[in-house]
Amino acid sequence: MLLDNIRLAFSELKANKMRSILTMLGIVIGIAAVIAIMTLGDGLANSTMETFGGAQANQIEIDVIQKTMANVTDRDNYDNAARQIKDSDKFNVKMFEDIQAHFGDKLEGMRMFESFGKIESGDNKMELMSVNPCGFEIEEESKNISIIAGRSFNVDDYSNGGKVMLIGKKSAEKLYGSAENALGSLYEGQVGGKYLTYTIVGVYETKENGAAMSMLTGGRSSYETAYIPFKSYLEKPLEDMSFEWIVPVAKNGVDVEKLQKDICAYLNDKYYADNDTYKAASMTMGNILEQVNSITGLIKGVLAAIAAISLLVGGIGVMNIMVVSITERTREIGTRKALGATNNDIRGQFLIEAIIICLIGSAIGILLGCGLGAGVGAVIGINGAASVKSIAVSVLFSMAFGLFFGYYPANKAAKLNPIEALRYE
Amino acid sequence: MNSDVVIDLKNIYKRFYEGEPNELEILHGIDLKVHKGEFVSIVGASGSGKSTLMNIIGALDRPSDGSYILNGTDICAAGDNELSHIRNKQIGFVFQTYNLIPRNSALKNVELPMMYARTAGLSRKKRAKELLELVGMGERMTHTPDELSGGQKQRVAIARALANDPSIILADEPTGALDSHTGRMIMDLFHKLHEEEGITIVLITHSNELAEETERVLTLMDGNIISERRGNNYVTGQYKTRIQ
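Same order as they appear, the protein sequences are chains A and R. With this note's numbering, the residue at position 176 of the first sequence is 176, and numbering never jumps. With this note's numbering, the residue at position 65 of the second sequence is 65, and numbering never jumps.
The set of hints was computed from the structure by calculation and includes no laboratory data. Just so you know, not all the hints are guaranteed correct.
Take a look, some chain A residues computed to stay more than 12 Å from chain R by CB distance [unchecked claim]:
id	residue
1	1
2	183
3	346
4	397
List time: in silico EDC-like cross-link candidates among lysine to aspartate or glutamate, alpha-carbon distance up to 16 Å [to be verified]:
id	chain 1	residue 1	chain 2	residue 2
5	R	125	R	165
6	A	251	A	105
7	A	94	A	188
8	A	415	R	80
9	R	126	R	139
10	A	174	A	244
11	R	125	A	4
12	A	86	A	240
13	A	415	R	61
Going by beta-carbon spacing under 10 Å, a handful of chain R positions derived as facing chain A [to be verified]:
id	residue
14	10
15	92
16	100
17	104
18	107
19	127
20	130
Here a beta-carbon is modelled for each residue, glycine too, at the ideal position from N, C-alpha and C.
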């Protein structure tokens, strides 16, 4: 009987090809939209997770902020402060050492880095960035850096501030022909009007974590970064330098949230108790990650809701066509009833027809949605493979839609009075 | 009650809009017995209650009052599902307008009542083929109704009516939409089924000419059976005589 109904449904669909296709189109578009959006949403969230998650979840960023300012993320809002920030309000190297001494057993290190903007040599431009060991390690992990020629920085480079430099593969090839040729070369470049000379000791290659990250960070520079040891280029002696933020990095297995609070409390007690305006406050990458996730989740939810509405409209289209088709086939329904079809037989027949429209529509929609997800994913550089979950969800949904939107018309058909149906013109 | 009584209607009333001011009584206490193997016709002008009576005999509708035993089953007490099963097994409908399912082949149409009886696919097909051959449609089994003439459609409809070996064939103006020649052929087919297969047939018609060919003629007027007699032109073996 089920098989008969399925066969019957297919022959009905074939008999009204154009109508069937148009009806399915609504479901196709709805399902494709849901799948593509779920796929891209997941891809975006995952790529964000990867970028923030891996190395950086252990990072604690501690900022100098106004005491009255609740929102840490608004770091640039010093203009509204009671008074302008002074160097003495900021963190200094002494505090770094204090933190290291006090929390050393829980810390991997302190991330130190400074960006100097572009360093130019002829028509080649790179971002110049100085890093300490901990800072470089984080760069390595987050950008997936691997040294393809020469060496990385060693202890001497860091402690003595050696005039050595790591450059990217593309720059090496452009400037020296190949990565190997670059090794040992002297690179002379200009930063903000100053000429600096470094010996290239290594060439690295990065596998960036995709465009999603650069979208989120507001489009990171497309130039490669040239790394130098932190101490090798200081604008003033280290002791006199001040920092608006510091980044302690927790060891694995340490409770980052607690450590972050402890460090802040420690700093505030010791250094900021008497400060009239500023204090230390912090946010872990975990916090940021949560925020980013809640934002991507929200975006995903809104988009999915819009897609779901298109699916709903498609479902209503199915219902509409079923109602029309049942009205057209009133006599046929009367005949079937006269021949002994029970109400359940009739209901089953039309329900299966509706479900089959939805299933075929969703099958095409899944293909289209997967293709769309993969295509857009490839363009913006995130993983666009549709998850089994999203496919399963949409198949279930379309079945449910078929049932839901098919039930009313099918029930209407089942309840037809056979005498009136037979007489229907 | 004779065991060979197939249809047993006693004091059947049918009222519409019951209890409302526009209540309408169509049948006023019909008594009717049809025996196994009979060929009975019910004649009457339009408005005489023919269709209402046919709907009751065909188990499409329940009487407002009275009792109807069809082949031992009390129709008045049956629920909707039961009525469906009774129609499926006991009654073979033949309609004036054929009522074949469009886009389905003749074979599929004949299989339909067996599908609702949950007969297995293979035996269904076999039986449908036999029936189509019986009504002389063996050559056109794969044709859809669109590709058949009126007479051919009616033959398919008759084959379909026979599918589940019903107790009666209930034919409502089966020749009404056909020209006289084709109508003649359909009547011959009924005589053949009656004589050779012993099938019980109830023919509902407004045509006295056709009614006179049947074993027993019941005349319906204003909701009452006003006469019951043997058909004037009824001849035993008339199908055979005619085709010789």
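Hints versus structure:
1. 1: violated (6 Å)
2. 183: The claim stands: residue 183/A keeps its Cβ more than 12 Å from every Cβ of chain R (closest is about 79 Å).
3. 346: Answer for residue 346/A: violated, closest chain R Cβ roughly 10 Å.
4. 397: holds (31 Å)
5. 125/R - 165/R: holds (15 Å)
6. 251/A - 105/A: holds (8 Å)
7. 94/A - 188/A: It is violated: about 33 Å lies between the C-alpha atoms, which goes past 16 Å.
8. 415/A - 80/R: With Cα atoms ~10 Å apart, residue 415/A and residue 80/R stay inside 16 Å; holds.
9. 126/R - 139/R: OK: residue 126/R and residue 139/R at ~15 Å, within 16 Å.
10. 174/A - 244/A: The given pair, whose Cα atoms are some 36 Å apart, is violated under the 16 Å limit.
11. 125/R - 4/A: holds (13 Å)
12. 86/A - 240/A: holds (13 Å)
13. 415/A - 61/R: holds (14 Å)
14. 10: violated (22 Å)
15. 92: holds (9 Å)
16. 100: holds (8 Å)
17. 104: holds (7 Å)
18. 107: Since the shortest Cβ distance to chain A is 13 Å, the answer is violated.
19. 127: For residue 127/R, the interface hint is violated, since the closest Cβ of chain A sits about 15 Å away, which is over 10 Å.
20. 130: violated (18 Å)
Hints 1, 3, 7, 10, 14, 18, 19, 20 from the earlier list are contradicted by this structure; the remaining hints agree with it.
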